[in-house]
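Chemist: Sequence:
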Amino acid sequence: MPKHLHQIKKRYLRWATPTPFFLFPFILLLTLLLALPWVSAKEPPKPKPEAWQINGIVAALDDESDEVKNLAFEKFNEYDLKNLNLVFQKPEDIAQKAAKIFNDKSVDSDVRYSAAVALGNLGEAAKPHAKDILDILKDKTLDDSVRSGAAYALGSLGEAAKPYVKGILDFLKDKTIDRFLGYIVAVALGNLGETAKPYVKDILDILKDKTVDSLVRSGAVEALGNLGEAAKPYVKDIHDILKDKTVDSGLRSSAAYALGNLGETAKPYVKDILGFLKDKTVNPYIRCVAAQGLGNLGEAAKPYIKDILDILKDKTVHSCVRYRVAVALGNLGETNKPYVQEMLDILKDKSVDSGIRSGAAGRLGNLGEAAKPYVKDILDIFKDKTIDPFVRYSAAEALANLGKAAKPYVKDILDIFKDKTIVPFVRYGAAIVLGNLGEVAKPYVKDILDILKDKSVDSGVRSSAAKALEKIEQLNLNNLVVILDSIYYADKSEFAQWRFFTYFLGGGTDEVKTLLTWLGFPYTKTIPAQLSHEQGDKTLKIFAQAWEASQGLTRLREDLAKQIAVVAKKVSWRSQDILILETHYNNLKKAGYNEADSLRSVIVKLK
20 MPKHLHQIKK
30 RYLRWATPTP
40 FFLFPFILLL
50 TLLLALPWVS
60 AKEPPKPKPE
70 AWQINGIVAA
80 LDDESDEVKN
90 LAFEKFNEYD
100 LKNLNLVFQK
110 PEDIAQKAAK
120 IFNDKSVDSD
130 VRYSAAVALG
140 NLGEAAKPHA
150 KDILDILKDK
160 TLDDSVRSGA
170 AYALGSLGEA
180 AKPYVKGILD
190 FLKDKTIDRF
200 LGYIVAVALG
210 NLGETAKPYV
220 KDILDILKDK
230 TVDSLVRSGA
240 VEALGNLGEA
250 AKPYVKDIHD
260 ILKDKTVDSG
270 LRSSAAYALG
280 NLGETAKPYV
290 KDILGFLKDK
300 TVNPYIRCVA
310 AQGLGNLGEA
320 AKPYIKDILD
330 ILKDKTVHSC
340 VRYRVAVALG
350 NLGETNKPYV
360 QEMLDILKDK
370 SVDSGIRSGA
380 AGRLGNLGEA
390 AKPYVKDILD
400 IFKDKTIDPF
410 VRYSAAEALA
420 NLGKAAKPYV
430 KDILDIFKDK
440 TIVPFVRYGA
450 AIVLGNLGEV
460 AKPYVKDILD
470 ILKDKSVDSG
480 VRSSAAKALE
490 KIEQLNLNNL
500 VVILDSIYYA
510 DKSEFAQWRF
520 FTYFLGGGTD
530 EVKTLLTWLG
540 FPYTKTIPAQ
550 LSHEQGDKTL
560 KIFAQAWEAS
570 QGLTRLREDL
580 AKQIAVVAKK
590 VSWRSQDILI
600 LETHYNNLKK
610 AGYNEADSLR
620 SVIVKLK
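Here our numbering is used: the first residue of the sequence shown is 20, the next is one more, and so on.
Source of the hints: derived by calculation from the structure; they are not laboratory data.
Errors might be hidden in some of the hints.
What the hints assert, rightly or not - Pair ranges (Cβ atoms, derived): (1) Lys-461 - Asp-326: 33 to 39 Å; (2) Lys-157 - Val-429: 24 to 30 Å; (3) Gln-549 - Asp-189: 50 to 56 Å; (4) Pro-217 - Gln-360: 36 to 42 Å; (5) Asp-399 - Lys-474: 18 to 24 Å; (6) Asp-256 - Asp-189: 18 to 24 Å; (7) Asp-477 - Tyr-542: 27 to 33 Å; (8) Pro-287 - Lys-229: 54 to 60 Å; (9) Lys-101 - Asp-256: 54 to 60 Å.
As the list claims (entries may be wrong) - Straight-line Cα separation of at most 20 Å, EDC-like style, residue types lysine to aspartate or glutamate; simulated pairs: (10) Lys-332 - Glu-388; (11) Lys-119 - Asp-81; (12) Lys-395 - Asp-333; (13) Lys-557 - Glu-513; (14) Lys-426 - Asp-407; (15) Lys-465 - Asp-510; (16) Lys-116 - Asp-154; (17) Lys-119 - Glu-69; (18) Lys-430 - Asp-372; (19) Lys-465 - Asp-298; (20) Lys-150 - Asp-163; (21) Lys-286 - Asp-256; (22) Lys-181 - Asp-256; (23) Lys-334 - Glu-283; (24) Lys-532 - Asp-466; (25) Lys-557 - Asp-510; (26) Lys-194 - Asp-158; (27) Lys-227 - Glu-178; (28) Lys-157 - Asp-197; (29) Lys-194 - Asp-232; (30) Lys-402 - Glu-353; (31) Lys-321 - Glu-353; (32) Lys-181 - Asp-163; (33) Lys-216 - Asp-263; (34) Lys-423 - Asp-438; (35) Lys-472 - Glu-492; (36) Lys-560 - Asp-596; (37) Lys-332 - Asp-298; (38) Lys-423 - Asp-469; (39) Lys-229 - Asp-259; (40) Lys-474 - Asp-510.
Here the structure is a predicted model, which means the values were calculated and not measured.
Beta carbons: idealized from backbone N, C-alpha and C, even for Gly.
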């Protein structure tokens with residue numbers, strides 16, 4: 020089971036009995052907010068990938084490490100993959116790689132889950148694998164995480180999944196299935212849109228069946244909420260569940276969330292959602308879900324923005340509810356333009372709970388044009404060292420979401436990122452802003468690389484620097500060695516991350532793949548036993564470029580010296596190769612490495 024699902028299940032088992040306050044609703048909220056790639060508040064649109072980014076990811080998928088593969092899939096799933104064929108020649112090739120990994124029972128379940136998500140995101144390109152995905156979903160011998168990945172994939176395939184919708188429904192009607200898995204499959208049906216339209220009545224029947232587990236019914240109601248026009252005849256049924264106080268409160272919160280997703284269709288019921296949100300007799304974690312639903316209503320919520328804002332300002336309301344209300348207001352975008360100043364006032368008020376202020380800060384960035392006049396105010400909060408780091412980080416998120424509006428302040432943001440007296444968490448926020456500025460931050464790539472070179476800097480800050488670079492530019496080999504060098508300082512938990520970053524930021528070029536074949540602790544079984552003359556010549560030339568660029572990167576140079584000597588012994592050299600061999604000999608000799616002797620013996624033998 021993927022780590023997030025495993026943790027959620029553990030929390031549920033821990034909280035399910037001790038106290039009514041932490042019954043099923045708590046786990047449902049966590050499931051909604053944390054577990055599923057498709058169940059969340061409205062997010063900013065995913066970026067469209069550059070060709071070099073996809074090439075870097077694909078190269079990482081061929082690494083022997085499961086952890087590197089998992090990171091590659093996770094990164095792949097961050098992008099908008101519509102029209103991927105415009106940047107990658109054959110998306111089907113990626114689908115084939117993902118399907119092979121997903122079907123491989125020897126692969127770690129987390130990796131298989133991520134591969135399944137990738138298949139779902141690939142849409143049409145994954146169509147040939149839909150039947151296999153359904154078979155995995157049905158296989159009770161498999162880990163629940165792998166099966167939940169199959170559910171996600173099917174729920175994302177649209178028309179490609181059409182022949183298998185009936186199979187998904189039959190699976191869902193099996194009352195022996197794991198309730199978490201059933202919830203996920205139910206929500207997946209809602210993501211199929213028009214493809215699931217003929218089965219809306221079946222989904223409603225699952226919702227109404229009181230013998231079905233409440234978590235599965237919650238998935239069914241959320242599925243209806245995602246089906247848009249197809250669910251219109253059943254909005255009243257969803258509303259009835261929201262109003263029925265005898266129904267499980269978690270299921271009622273899912274009904275509120277579903278209504279929120281139905282937009283204009285749910286307009287007549289917005290007042291009831293608001294009433295549910297205001298009802299202090301309802302578990303606050305459940306009300307949080309209702310708040311999330313309100314944030315998805317757009318124009319339909321416009322007449323009630325003042326009421327929503329009043330909840331945010333009411334200090335007697337539970338902080339979780341107020342936080343989600345702040346998020347909801349942010350998701351309503353330009354609709355709440357008249358209230359931007361009030362949100363800013365909450366952000367500035369140091370007597371307000373820091374969680375609420377962070378919610379207000381983070382969502383100001385979603386208000387687009389309406390928030391632009393307040394960029395300087397948001398920056399001042401980000402820079403203020405007396406303010407809670409959590410709030411400052413959220414202010415950074417707002418700046419990042421405002422994009423080019425933060426351009427005049429790029430130097431201020433860089434200064435925060437470089438300041439070692441500032442807590443790492445705030446510096447992570449600065450990295451996010453720099454990354455979102457893209458081209459604007461190009462003149463500061465060297466400054467960011469300097470942070471990466473400095474191994475005394477917090478490892479999380481250095482990691483955030485690498486993540487910023489991915490949105491700014493592809494690194495040439497001279498800059499990429501800084502990323503490669505970080506592998507030698509990584510602990511076990513970070514090792515895969517830096518190997519992945521090397522593939523990714525370098526765009527997966529032949530030079531990058533050659534370096535990672537030999538350097539950065541590759542699997543010994545992948546190191547070639549012999550090299551052709553052409554391979555040897557190419558490798559030593561890449562090593563020569565890396566040697567020049569790696570000055571001051573001690574550990575990388577030590578490994579590079581060793582591998583130069585190893586490669587020199589694996590090739591049948593020719594007389595014309597003496598120049599490159601002597602170049603390496605002189606470099607090694609000058610730097611005081613004993614491996615120079617190995618090069619000398621090869622040269623002497625050749626002469």
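Chemist: Hints first: check each against the structure and report whether it holds.
Modeler: So, going through the hints one by one against the coordinates:
1. Separation of Lys-461 from Asp-326 is about 45 Å and departs from the stated range, judged on CB atoms against 33 to 39 Å.
2. Separated by about 52 Å at the C-beta atoms, Lys-157 and Val-429 break the suggested range of 24 to 30 Å.
3. Checking the proposed 50 to 56 Å range against Gln-549 and Asp-189 shows it holds: the Cβ atoms sit about 54 Å from each other.
4. Checked against the hint of 36 to 42 Å, the pair Pro-217 and Gln-360 fails, with Cβ atoms roughly 49 Å apart.
5. A hinted range of 18 to 24 Å for the beta carbons of Asp-399 and Lys-474 is inconsistent with their spacing of about 32 Å.
6. Range check, Asp-256 to Asp-189: Cβ separation about 22 Å, and the 18 to 24 Å hint holds.
7. Against the hinted window of 27 to 33 Å, the Cβ-Cβ separation of Asp-477 and Tyr-542 comes to about 29 Å, which satisfies the hint.
8. Under the hint 54 to 60 Å, the C-beta atoms of Pro-287 and Lys-229, about 26 Å apart, miss the expected range.
9. Checking the proposed 54 to 60 Å range against Lys-101 and Asp-256 shows it is violated: the Cβ atoms sit about 33 Å from each other.
10. Of the supplied pair hints, the one linking Lys-332 and Glu-388 is violated, its CA atoms being roughly 24 Å apart against a limit of 20 Å.
11. Distance hint between Lys-119 and Asp-81 is fulfilled; the C-alpha atoms sit about 12 Å from each other, no more than 20 Å.
12. A distance of roughly 27 Å separates the Cα atoms of Lys-395 and Asp-333; the hinted pair therefore is violated under the 20 Å criterion.
13. At roughly 30 Å between alpha-carbon atoms, Lys-557 and Glu-513 are farther apart than 20 Å, so this suggested pair is violated.
14. As the CA atoms of Lys-426 and Asp-407 are separated by approximately 24 Å, the hinted pair breaks the 20 Å bound.
15. Of the pairs offered as hints, the one joining Lys-465 and Asp-510 is violated, with about 25 Å between alpha carbons and a cut-off of 20 Å exceeded.
16. Between Lys-116 and Asp-154 the CA atoms are separated by roughly 18 Å; this keeps the pair inside 20 Å, and the hint holds.
17. Pair hint Lys-119 plus Glu-69 does not hold up; C-alpha atoms about 25 Å apart against a cutoff of 20 Å.
18. Distance hint between Lys-430 and Asp-372 is unfulfilled; the C-alpha atoms sit about 30 Å from each other, more than 20 Å.
19. A C-alpha spacing of about 54 Å is found between Lys-465 and Asp-298, which places the hinted pair above 20 Å, so the restraint is violated.
20. Distance hint between Lys-150 and Asp-163 is fulfilled; the C-alpha atoms sit about 18 Å from each other, no more than 20 Å.
21. A distance of roughly 15 Å separates the Cα atoms of Lys-286 and Asp-256; the hinted pair therefore holds under the 20 Å criterion.
22. For the suggested pair Lys-181 and Asp-256, the alpha carbons sit about 26 Å apart, so the restraint of at most 20 Å is broken.
23. Taking the CA atoms of Lys-334 and Glu-283, the gap is about 31 Å. The hint is violated against a cut of 20 Å.
24. For the given pair, Lys-532 sits about 26 Å from Asp-466 by alpha-carbon distance, which is inconsistent with the 20 Å threshold.
25. In summary, the hint linking Lys-557 to Asp-510 is not supported, as the alpha carbons are separated by about 31 Å, beyond the 20 Å threshold.
26. Taken as a hint, the Lys-194 and Asp-158 pair is honoured in the structure, with Cα atoms around 15 Å apart against an allowance of 20 Å.
27. Annotation: proposed proximity of Lys-227 to Glu-178 is violated, straight-line Cα distance about 27 Å (limit 20 Å).
28. Distance restraint check for Lys-157 and Asp-197: the Cα-Cα separation of roughly 12 Å lies within the 20 Å cut-off, and the hinted pair is therefore satisfied.
29. Proposed proximity of Lys-194 and Asp-232 is supported: the alpha carbons are some 8 Å apart, at most 20 Å.
30. The suggested pairing of Lys-402 with Glu-353 is violated, with an alpha-carbon distance near 26 Å, which exceeds 20 Å.
31. The straight-line distance between the Cα atoms of Lys-321 and Glu-353 is roughly 10 Å, inside the 20 Å bound, and the hint therefore holds.
32. With a C-alpha separation of about 23 Å, the suggested pairing of Lys-181 with Asp-163 is violated against the 20 Å cut-off.
33. Between the alpha carbons of Lys-216 and Asp-263 the distance comes to roughly 26 Å, so the proposed pair goes past 20 Å and is violated.
34. A hinted pair counts as satisfied when its Cα atoms are at most 20 Å apart, and Lys-423 with Asp-438 does not qualify at roughly 23 Å.
35. The suggested pairing of Lys-472 with Glu-492 holds, with an alpha-carbon distance near 18 Å, which does not exceed 20 Å.
36. Distance hint between Lys-560 and Asp-596 is fulfilled; the C-alpha atoms sit about 11 Å from each other, no more than 20 Å.
37. Distance hint between Lys-332 and Asp-298 is fulfilled; the C-alpha atoms sit about 16 Å from each other, no more than 20 Å.
38. A C-alpha spacing of about 24 Å is found between Lys-423 and Asp-469, which places the hinted pair above 20 Å, so the restraint is violated.
39. Taken as a hint, the Lys-229 and Asp-259 pair is honoured in the structure, with Cα atoms around 14 Å apart against an allowance of 20 Å.
40. Distance hint between Lys-474 and Asp-510 is fulfilled; the C-alpha atoms sit about 12 Å from each other, no more than 20 Å.
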